[in-house]
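Chemist: Chain by chain, the residues run as shown.
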Amino acid sequence: MAERIASAPEIAAHLDALAESIVQDCPTLEHAYLIGIQRRGVQLAQRLAQRIMARTSVVVPLGVLDITFYRDDLSRISQQPVVHNTDIRLDLDGKVIYLVDDVVYSGRTIRAALDALADYGRPRIVRLVALVDRGWRELPIQPDFVAWKIATADTDVIHVKVRELDGEDAIDRANRADHAQPV
Amino acid sequence: MTTVIRNGYLMDPARQLDGHGWVHIKDTQIAGVGLGEPPAGLAADETIDARGLVVAPGFIDLHTHLREPGEESKETIESGSRAAVAGGFSTIVCMPNTKPPIDHASLVKFIHLEAQRVNLANVLPVGTVSRGREGKELADIGELVNAGVVAISDDGAPIMDSGLMRCALEYARMFGIPVMEHCEDLQLANLGVMNEGFYSTKLGLRGAPTVAEDVMVARNLLLAEYTGGRLHLCHLSTAGGVRMVRDAKARGVQVTCEVTPHHLVLTDAAVCDYDTNFKMNPPLRAEADRLALIEGINDGTIDAIATDHAPHSSTSKDVEFDQAANGVVGWVDCSKEEAASWCARRTSPWRA
Amino acid sequence: MAWDKKDLLGLEYLSAEEILTVLDTARAFSEVSTRAIKKVPALRGKTVVNLFYEASTRTRASFELAEKRLSADIINMNVSTSSVTKGETLLDTVRNLCAYKIDVIVIRHAMSGAPIYLARNIECSVVNAGDGMHEHPTQALLDIYTLREKLGDLRGRRIVIVGDIAHSRVARSNIWGLTKLGAQVTVVGPSTLIPREIEQMGVRVQHNLDEALRDADAVNMLRIQREREKLTLFPSLREYAILFGLNRTRMQGLPDKLIVMHPGPINRGVELSGSVADGPNSVILEQVTNSLAVRMAVLFLVTGGTSLHPEHMSA
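The listed protein sequences correspond, in order, to chains A, B and C.
Here the working numbering = 1-based position in the first sequence + 140.
Here the working numbering = 1-based position in the second sequence + 53.
Here the working numbering = 1-based position in the third sequence + 29.
Bear in mind the hints are in silico, worked out from the structure with no lab data behind them.
You may find that some hints are simply not true.
[Stated by the list, open to error] Per label pair, the in silico range of CB-to-CB distance:
1. Leu305(A) x Ala45(C): 16 to 26 angstroms
2. Glu143(A) x Lys286(C): 52 to 62 angstroms
3. Asp71(B) x Ala31(C): 26 to 36 angstroms
4. Lys152(B) x Ala31(C): 53 to 63 angstroms
5. Gly111(B) x Ser44(C): 15 to 25 angstroms
The C-beta atom is built at its ideal place from N, Cα and C for all residues, glycine as well.
Please build the complete structure, drawing on both the sequences and the hints.
Modeler: The structure is reproduced here in structure tokens:
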């Protein structure tokens with residue numbers, strides 16, 4: 141059975157705090173660009189954009205990034221993963237990018253995301269925003285802003301749910317044996 | 054040396070035998086045959102238990118390709134004879150589309166000599182209708198007959214010239230031998246590599262329509278009727294062909310025909326994987342044709358099952374479908390029980 | 030839906046779900062070609078051989094560009110058919126290539142079934158870039174992709190294919206793909222160029238183009254290739270253009286929204302008049318653009334495919 145780590149009210153409170161951190165980090169928000177990593181980073185980035193607008197009246201542009209083409213394990217896995225859309229319409233040169241992901245784990249997704257961003261342009265700054273840092277990093281990558289730091293077993297699966305895709309906002313912990321990792 | 058074969062299923066239409074029985078062999082001769090148990094006190098040096106097996110006289114295959122001379126990498130008179138006897142055939146009629154074709158008496162003699170040396174099956178050569186199998190002028194048919202051919206045929210190369218076909222039927226009539234004809238209008242067949250139908254459409258393979266065969270069956274029947282010559286239609290494969298032969302026989306035309314085992318058990322659906330083993334000419338046809346062929350056997354319209362044994366080396370078959378050679382080996386298929394029983398129930402009305 | 034096939038041999042052998050998987054993946058790839066850096070490392074370190082036994086300009090260019098935008102390494106081999114019939118067999122050629130540890134063979138061949146024959150005999154992925162009169166699956170996938178961009182769900186949509194249906198691999202692949210996605214397909218052409226049994230593939234046959242197009246959503250005008258056939262299957266290109274060509278006059282009586290497609294290269298003045306080919310109904314250049322995304326998707330998916338047997342075995 142999954143263990144619930146957080147539910148909707150706590151997540152909302154932490155998103156408020158993350159939005160506040162971004163505003164503190166980049167007070168004018170002039171070149172800020174929120175980019176959500178497919179899949180659940182996309183919804184989290186939307187929420188952050190809404191909060192930032194509510195607080196500052198500034199509309200921060202939103203982008204969507206699918207990192208599949210940049211994964212370093214494409215030749216190792218038995219089947220190609222499902223590819224989702226990428227939507228980055230702005231020139232990245234000189235931007236301050238807030239890369240949003242649900243869970244930071246090995247760091248390989250972020251490595252792929254950084255490679256992808258490099259193909260779109262040369263941002264001035266890239267910051268990493270994550271809801272959960274579950275440890276077990278394999279690359280020298282750390283989030284700049286993170287809501288939860290959770291000690292996990294290697295076999296744990298941390299499942300961030302968002303109501304747009306999963307019907308509810310929650311963070312659950314399950315065991316790999318009885319829970320498939322969400323893509 | 055005496056041998057008794059017992060418990061086998063005896064099939065011998067000539068002796069009206071069709072049931073479990075025994076065969077008594079003394080040296081190299083059959084000394085006695087009967088249904089049921091062998092007579093009490095029948096002594097034998099050796100007893101063969103043929104339980105579950107068919108015991109029949111050696112089969113005759115009217116249509117085979119031994120490839121020698123010229124394509125010995127595919128088959129030889131020796132290897133073909135071995136395959137034939139292993140499949141139960143003691144007499145095989147070999148087609149003249151060798152390289153060079155059997156259009157000259159000396160080549161007929163070569164086949165006889167080689168068959169005698171091998172000394173397994175009776176090998177009966179067919180000579181060509183036309184010199185070089187080119188469909189232009191008659192071969193020296195009288196000389197071929199004197200050398201021992203049992204029929205003439207340009208098998209594989211249909212005689213498109215109706216005038217030549219008329220001459221062949223008229224001329225061969227003198228010698229009492231049939232003209233064995235591969236019926237295919239080459240223009241209508243349009244280089245088809247399989248039967249024209251749903252499967253050829255789906256697979257994008259050039260189709261040879263049944264009508265390409267039917268048109269020539271019709272022409273040949275008309276010519277046989279007109280000339281009074283003896284016509285044998287090779288490997289009939291279409292419902293239309295069976296119907297026309299049936300009608301012609303009813304009118305008294307001197308026609309016989311054969312069908313292959315593969316046309317009786319397979320249809321063009323077998324090609325659906327581009328498997329070149331199922332590429333043959335005439336091509337495997339549709340189910341309606343297959344059923345008509347079986348009906349033709351049952352009502353006597355079709356006189357014989359002949360394998361059209363046409364071996365190829367793997368280099369001729371392990372290629373793209375369009376490039377693959379036509380033909381399939383016959384003597385493995387024919388040892389199947391169903392084909393064997395068909396073979397055994399009917400005998401050819403014309404004997405080689 | 031997950032993809033597990035190592036080859037793309039034809040649309041006959043794909044399910045509707047698999048076709049949609051390719052199209053959805055293609056949509057993701059379409060974004061790559063809009064960037065300043067039109068390249069992703071998805072096939073980095075993979076080797077693709079474009080083995081073309083038939084002359085082809087656009088299909089090869091499209092495949093080659095798709096491969097380059099996926100960061101694959103490429104070898105182009107153009108083998109004239111005459112040297113094939115004289116020299117080594119197809120299988121020998123390909124086995125030699127496989128000895129270089131290549132990952133994908135994109136093959137165009139004049140003989141139907143050649144890619145299936147190959148896929149049965151080698152381990153690397155085989156992508157059919159057109160085989161004889163059999164299939165041209167990537168062309169049909171890009172046609173269908175283009176149609177879905179314009180029409181959305183194709184269920185119940187009326188699609189007309191005009192031309193030499195008998196000898197067209199584009200027609201066959203489109204028929205399989207469109208019917209699997211629920212479209213109603215009508216084929217139109219001279220009766221000598223429509224196979225007798227084509228209706229068994231789930232299409233309707235018409236010989237009157239105006240009637241066929243009256244309630245159509247889209248029409249795919251195939252290239253007429255008179256040189257293909259030795260027999261005279263229709264009297265003249267002039268008569269063909271009159272009976273089966275799409276020109277401004279004919280367009281006037283047709284639905285405004287009719288989508289006009291052509292797999293190229295166009296015989297202007299035969300299948301299509303210039304005014305129609307370049308007119309507002311034409312999506313011909315969009316087809317070309319979409320060809321990249323579709324071929325990128327196909328190459329990406331087959332390199333992840335694991336099924337040991339060619340898909341047609343289970344079809």
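Chemist: Take the hints in turn and mark each one as holding or not.
Modeler: Hint check:
| no. | hint | verdict |
| --- | --- | --- |
| 1 | Leu305(A) x Ala45(C): 16 to 26 angstroms | holds (24 angstroms) |
| 2 | Glu143(A) x Lys286(C): 52 to 62 angstroms | holds (55 angstroms) |
| 3 | Asp71(B) x Ala31(C): 26 to 36 angstroms | violated (59 angstroms) |
| 4 | Lys152(B) x Ala31(C): 53 to 63 angstroms | holds (54 angstroms) |
| 5 | Gly111(B) x Ser44(C): 15 to 25 angstroms | violated (53 angstroms) |
When each numbered hint is compared with the structure, violations occur for hints 3 and 5.
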